[in-house]
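Asks: Now for the letters of each chain:
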Amino acid sequence: MAEGGDGEGEEEEERSCALGFGTGGDDGAGCSGSPAPAARMRSGSCGGKEQPPPFSEQVLENVLESVLEFLTCRRDRNAASLVCRSWYRAEAQTRREVFIGNCYAVSPGRTVARFRSARAMVLKGRPRFDDFNLVPPGWGARFSPWATAMTAAYPWFERVCLKRITVSDADLALLARSFPSFRDLTLICCDGFGTTGLAAVAELCRNLRVLDLIESDVEEEDEDEDEQVVDWISRFPETITCLESLSFECVNCPVNFAALEALVARSPSLRRLRVNEHVSVSQLRRLMERAPQLTHLGIGSFDSGSADAGAGDLDVTDMESSFAASKSLVCLSGFRVLDPTYLPAIFPACANLVSLNLSYAVFTAEQLKPVIVQCHNLQTFWVLDTIGDDGLRSVATNCKKLSELRVFPMDASEDSEGFVSDSGLVAISEGCPNLRSILYFCQRMTNAAVVTMSKNCPDLAVFRLCIMGRRRPDRLTSQPMDEGFGAIVMNCKKLTRLAISGLLTDRVFEYIANHGRSVRTLSVAFSGDSDLSLKHLFQGCPNLKKLEIRDSPFGDAGLLFGVCHFYNMRFLWMSSCMPSLRGCKEVARRLPHLVVEVIGDSPQDLHGDAVDKLYLYRSLAGPREDAPPFVKIL
Amino acid sequence: MEDDHESMGDACPQLLNLIPNEKVREKRIGGLDAAEEKKLELTLGLPGGVGEEEEPSVLSSCIFSKVSKTSSRRVVLGSEQQEAGLFQLQSRGGYGTEWPHKTTWNCEIFDEQQSLEKEKALGDTENEAGSNTSFQTRASAGVAVVGWPPIRAFRKNLASSSVKQSVELQNGNIDEKVKVASCKKGLLIKINMDGIPIGRKVDLNACGSYKKLSFAVEYLFLDLLRAQKETSTNDLRMDEEAKQAFKSLLDGSGEYTLVYEDNEGDRMLVGDVPWDMFVSSVKRLRVLKSSDLSSLHDWEARKEQQLSVEYGGEGLAN
Numbered sequence: 000m001a002e003g004g005d006g007e008g009e010e011e012e013e014r015s016c017a018l019g020f021g022t023g024g025d026d027g028a029g030c031s032g033s034p035a036p037a038a039r040m041r042s043g044s045c046g047g048k049e050q051p052p053p054f055s056e057q058v059l060e061n062v063l064e065s066v067l068e069f070l071t072c073r074r075d076r077n078a079a080s081l082v083c084r085s086w087y088r089a090e091a092q093t094r095r096e097v098f099i100g101n102c103y104a105v106s107p108g109r110t111v112a113r114f115r116s117a118r119a120m121v122l123k124g125r126p127r128f129d130d131f132n133l134v135p136p137g138w139g140a141r142f143s144p145w146a147t148a149m150t151a152a153y154p155w156f157e158r159v160c161l162k163r164i165t166v167s168d169a170d171l172a173l174l175a176r177s178f179p180s181f182r183d184l185t186l187i188c189c190d191g192f193g194t195t196g197l198a199a200v201a202e203l204c205r206n207l208r209v210l211d212l213i214e215s216d217v218e219e220e221d222e223d224e225d226e227q228v229v230d231w232i233s234r235f236p237e238t239i240t241c242l243e244s245l246s247f248e249c250v251n252c253p254v255n256f257a258a259l260e261a262l263v264a265r266s267p268s269l270r271r272l273r274v275n276e277h278v279s280v281s282q283l284r285r286l287m288e289r290a291p292q293l294t295h296l297g298i299g300s301f302d303s304g305s306a307d308a309g310a311g312d313l314d315v316t317d318m319e320s321s322f323a324a325s326k327s328l329v330c331l332s333g334f335r336v337l338d339p340t341y342l343p344a345i346f347p348a349c350a351n352l353v354s355l356n357l358s359y360a361v362f363t364a365e366q367l368k369p370v371i372v373q374c375h376n377l378q379t380f381w382v383l384d385t386i387g388d389d390g391l392r393s394v395a396t397n398c399k400k401l402s403e404l405r406v407f408p409m410d411a412s413e414d415s416e417g418f419v420s421d422s423g424l425v426a427i428s429e430g431c432p433n434l435r436s437i438l439y440f441c442q443r444m445t446n447a448a449v450v451t452m453s454k455n456c457p458d459l460a461v462f463r464l465c466i467m468g469r470r471r472p473d474r475l476t477s478q479p480m481d482e483g484f485g486a487i488v489m490n491c492k493k494l495t496r497l498a499i500s501g502l503l504t505d506r507v508f509e510y511i512a513n514h515g516r517s518v519r520t521l522s523v524a525f526s527g528d529s530d531l532s533l534k535h536l537f538q539g540c541p542n543l544k545k546l547e548i549r550d551s552p553f554g555d556a557g558l559l560f561g562v563c564h565f566y567n568m569r570f571l572w573m574s575s576c577m578p579s580l581r582g583c584k585e586v587a588r589r590l591p592h593l594v595v596e597v598i599g600d601s602p603q604d605l606h607g608d609a610v611d612k613l614y615l616y617r618s619l620a621g622p623r624e625d626a627p628p629f630v631k632i633l
Numbered sequence: 000m001e002d003d004h005e006s007m008g009d010a011c012p013q014l015l016n017l018i019p020n021e022k023v024r025e026k027r028i029g030g031l032d033a034a035e036e037k038k039l040e041l042t043l044g045l046p047g048g049v050g051e052e053e054e055p056s057v058l059s060s061c062i063f064s065k066v067s068k069t070s071s072r073r074v075v076l077g078s079e080q081q082e083a084g085l086f087q088l089q090s091r092g093g094y095g096t097e098w099p100h101k102t103t104w105n106c107e108i109f110d111e112q113q114s115l116e117k118e119k120a121l122g123d124t125e126n127e128a129g130s131n132t133s134f135q136t137r138a139s140a141g142v143a144v145v146g147w148p149p150i151r152a153f154r155k156n157l158a159s160s161s162v163k164q165s166v167e168l169q170n171g172n173i174d175e176k177v178k179v180a181s182c183k184k185g186l187l188i189k190i191n192m193d194g195i196p197i198g199r200k201v202d203l204n205a206c207g208s209y210k211k212l213s214f215a216v217e218y219l220f221l222d223l224l225r226a227q228k229e230t231s232t233n234d235l236r237m238d239e240e241a242k243q244a245f246k247s248l249l250d251g252s253g254e255y256t257l258v259y260e261d262n263e264g265d266r267m268l269v270g271d272v273p274w275d276m277f278v279s280s281v282k283r284l285r286v287l288k289s290s291d292l293s294s295l296h297d298w299e300a301r302k303e304q305q306l307s308v309e310y311g312g313e314g315l316a317n
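Those sequence lines, one after another, are chains A and B.
Counting from 0, one number per residue, gives the positions in the first sequence under numbering that gives the first Met the number 0.
Counting from 0, one number per residue, gives the positions in the second sequence under numbering that gives the first Met the number 0.
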């Protein structure tokens with residue numbers, strides 16, 4: 000928030016927090032990097048009371064608003080808002096989509112007061128390590144205060160996208176009741192709600208276009224067990240709907256299929272449908288018949304065992320004809336239950352497929368080959384590592400346009416066999432030069448393979464390599480993996496996201512600092528030797544915004560190197576490292592607008608000097624009031 | 000700015016002195032004597048400065064900070080995890096591969112020390128969760144680490160149940176595939192406690208016996224219960240009160256009793272049937288106040304009566 004520019008009614012202290020808090024960037028509350036612009040603005044503003052602008056200036060502002068309407072990219076908008084006070088006002092008036100990268104970086108009231116014409120919001124809550132159970136349950140990030148503020152301020156709100164936020168049924172009902180134009184609801188990795196909330200949304204949002212539940216934890220029963228699972232699918236209006244996207248893969252309880260089929264039949268705009276595993280293959284077939292215009296299909300069960308009564312045995316050719324009839328399909332996902340012999344049913348769709356997610360299904364390279372040879376247009380591919388290096392070679396041979404690859408482990412443990420290795424990685428790099436994003440889980444890797452990939456795929460923007468054995472060195476040379484990752488940051492100039500693993504010393508951080516000019520997100524685990532690593536990072540990476548570290552030997556000294564950089568970052572997460580309470584307090588003392596949270600598994604953990612989990616983030620809202628007893632804010 | 004860092008560098012060792020003099024050492028099983036403790040003192044490793052000190056020591060996951068309730072508590076969890084595998088940890092084997100690893104920490108971890116303490120720690124798991132064991136046991140090989148590899152929980156479960164599914168599909172067993180939770184590696188059951196709004200999940204496969212289940216329940220809810228009861232600043236007393244609550248969960252004589260809901264929807268007391276039978280039929284767990292149990296019994300009795308009437312009636316008709 001460009002505090003220096005907003006003189007109206009703001010207290011002195013808020014104005015002074017402009018240091019480092021421009022409105023550039025897309026994190027926190029859209030705060031930018033260097034203190035310079037804000038300082039400039041501060042000196043430019045007169046302080047004191049605001050006079051209403053003279054007539055000509057008013058005209059200018061109106062013109063400005065009309066022009067700024069066309070700016071959609073939030074970074075452009077952040078930059079525009081820093082120019083001067085009238086640009087700030089004009090931009091605030093015309094911003095339609097508000098992105099809040101950390102829900103605790105700014106208060107709902109303040110957001111709503113600044114952006115009075117917003118129609119859409121993206122809100123992110125818990126840190127990513129929450130996905131791996133590192134954040135104790137009940138830590139926070141609740142939607143309720145935001146829902147209250149938004150429903151009071153925005154009568155015409157349309158779209159909400161939440162990530163890692165606790166949303167209650169009451170929140171959903173409030174949204175549904177308060178926004179007559181509401182159209183898009185996307186909940187990613189959220190929890191706290193159940194079928195009751197979904198029913199409220201289905202019933203009350205007459206203009207609903209998108210209802211996407213992605214990887215969220217949908218409660219099956221309420222705390223008081225007398226509540227049944229609600230048949231939310233039946234609650235959609237009986238008339239023709241405007242539904243364009245419906246995703247409920249993560250809803251664990253079965254839905255009323257008859258109601259679902261009827262809903263699909265009366266939703267002519269439906270393009271994306273992702274069902275859960277309780278929808279059988281014959282049911283799927285009927286859905287596909289009702290909606291031949293589908294572009295994105297998420298399959299539930301895909302096996303012969305799920306035949307309906309009276310439907311008889313569904314064989315592969317029957318399903319194949321369904322896929323032949325759905326000519327618009329470009330994205331297939333789901334396959335929660337897969338009989339690999341059914342895979343050939345998707346042949347007719349393969350040539351058009353741009354995205355294929357088979358990462359919930361176990362099958363071999365042999366079973367994959369007949370499918371993948373036809374997928375010439377594939378750009379996104381998610382798969383389990385059971386296809387092995389062989390399977391990856393097939394992918395490399397056939398999918399020349401591949402842009403994003405994710406290889407997940409079937410057996411996510413440190414001592415499992417591991418089906419893919421460095422040779423699979425090399426094969427991919429040789430076959431897919433357009434690769435932009437890769438997530439690769441393996442047991443064995445070599446520096447040479449990673450270096451090869453860095454040279455063959457210079458467009459890489461996301462490189463996440465997870466060698467599952469902790470601190471495992473190069474398989475061939477027994478050297479640390481520093482050189483491999485070093486080559487990645489040196490050769491891939493567009494790299495913005497990096498996750499490192501394996502045996503790593505301080506050296507890799509030196510490489511990242513010296514060459515990773517665009518790196519914004521860095522995930523570190525079981526890496527490094529000393530605080531030098533952090534020294535390198537904080538002094539080197541100008542664009543580092545999100546740093547998550549676990550189980551690495553970094554302590555107070557390293558932390559203090561970051562004092563010059565923390566205001567430029569969205570957050571720093573450090574767990575199972577070596578900071579002490581004293582060090583964290585020192586950081587908190589030096590940076591008053593940084594919220595430094597010490598998190599334990601229980602309130603007892605907070606009494607000692609050692610800090611188990613540290614989460615710090617810049618914030619205009621100050622220490623939050625909803626912190627649970629196992630969180631201490633310094 | 001740079002100057003600050005340089006001067007900070009001089010002050011570093013102070014900040015890294017994690018051996019406060021005033022703190023009371025926790026009683027440690029297999030505790031380290033003074034000389035060993037000195038060796039574990041941490042200092043900042045400077046580039047090239049400590050190369051000669053390195054040892055091919057087993058460098059395991061992190062916290063080598065000494066003396067803190069935190070680490071010993073956490074480690075108790077670790078050692079319990081080895082046995083009981085609380086939460087959603089899947090039991091894993093050893094690390095596997097080669098270990099020779101250079102470290103510039105002036106911190107020496109002794110393999111023998113580790114395994115010695117590990118054994119002692121294991122022997123102590125039958126005691127209360129608050130007992131103190133060395134933090135090193137958590138760090139040693141074989142102990143599963145929370146959240147590693149970084150895979151979301153539903154992927155872990157699905158991946159392993161997929162294997163089961165593809166096998167069972169051949170056998171024509173349709174029901175199994177719907178129960179994602181029925182895979183071998185982790186049987187997660189929801190558990191709620193009276194008066195506590197936050198529910199938890201417990202991994203029954205990792206528990207293995209009723210006694211461990213009881214410990215698991217205590218571990219899961221102890222802090223939440225304490226937070227509820229927090230009226231005084233007297234930690235110790237609160238500790239005792241809270242712990243008391245979990246005594247005798249299974250035999251009905253304590254303040255709380257453990258019950259479960261089986262696959263037929265009936266509420267049953269935990270502990271009546273053999274463990275395996277319990278695991279195969281349990282759907283949900285609940286920790287009830289024992290005073291509420293009598294109403295449960297009444298309800299059960301009435302249900303039984305109803306059933307006997309129905310069957311009795313049929314018998315008569317025949």
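Please keep in mind that the hints were generated in silico from the structure rather than gathered at the bench.
Treat the hints with caution; some may be incorrect.
Stated by the list, open to error - Pairs of lysine to aspartate or glutamate, EDC-like flavour, derived with a Cα cap of 20 Å:
#1 B:Lys282 / A:Asp600
#2 B:Lys200 / A:Glu429
#3 B:Lys200 / A:Asp130
#4 A:Lys368 / A:Asp414
#5 A:Lys493 / A:Glu429
#6 B:Lys200 / A:Glu509
#7 B:Lys189 / A:Glu429
These numbers were taken from a predicted model, which means no experiment stands behind them.
Asks: For each hint, tell me whether it holds in the structure or not.
Replies: Hint by hint, here is what the structure shows:
A C-alpha spacing of about 27 Å is found between B:Lys282 and A:Asp600, which places the hinted pair above 20 Å, so the restraint is violated. Taking the CA atoms of B:Lys200 and A:Glu429, the gap is about 45 Å. The hint is violated against a cut of 20 Å. A hinted pair counts as satisfied when its Cα atoms are at most 20 Å apart, and B:Lys200 with A:Asp130 qualifies at roughly 15 Å. About 28 Å separates the Cα atoms of A:Lys368 and A:Asp414, which puts this hinted pair outside 20 Å; it is violated.
A C-alpha spacing of about 19 Å is found between A:Lys493 and A:Glu429, which places the hinted pair at or below 20 Å, so the restraint holds. Between the alpha carbons of B:Lys200 and A:Glu509 the distance comes to roughly 42 Å, so the proposed pair goes past 20 Å and is violated. A hinted pair counts as satisfied when its Cα atoms are at most 20 Å apart, and B:Lys189 with A:Glu429 does not qualify at roughly 47 Å.
Violation of the numbered hints given earlier is confined to hints 1, 2, 4, 6 and 7; the remaining hints are satisfied by the structure.
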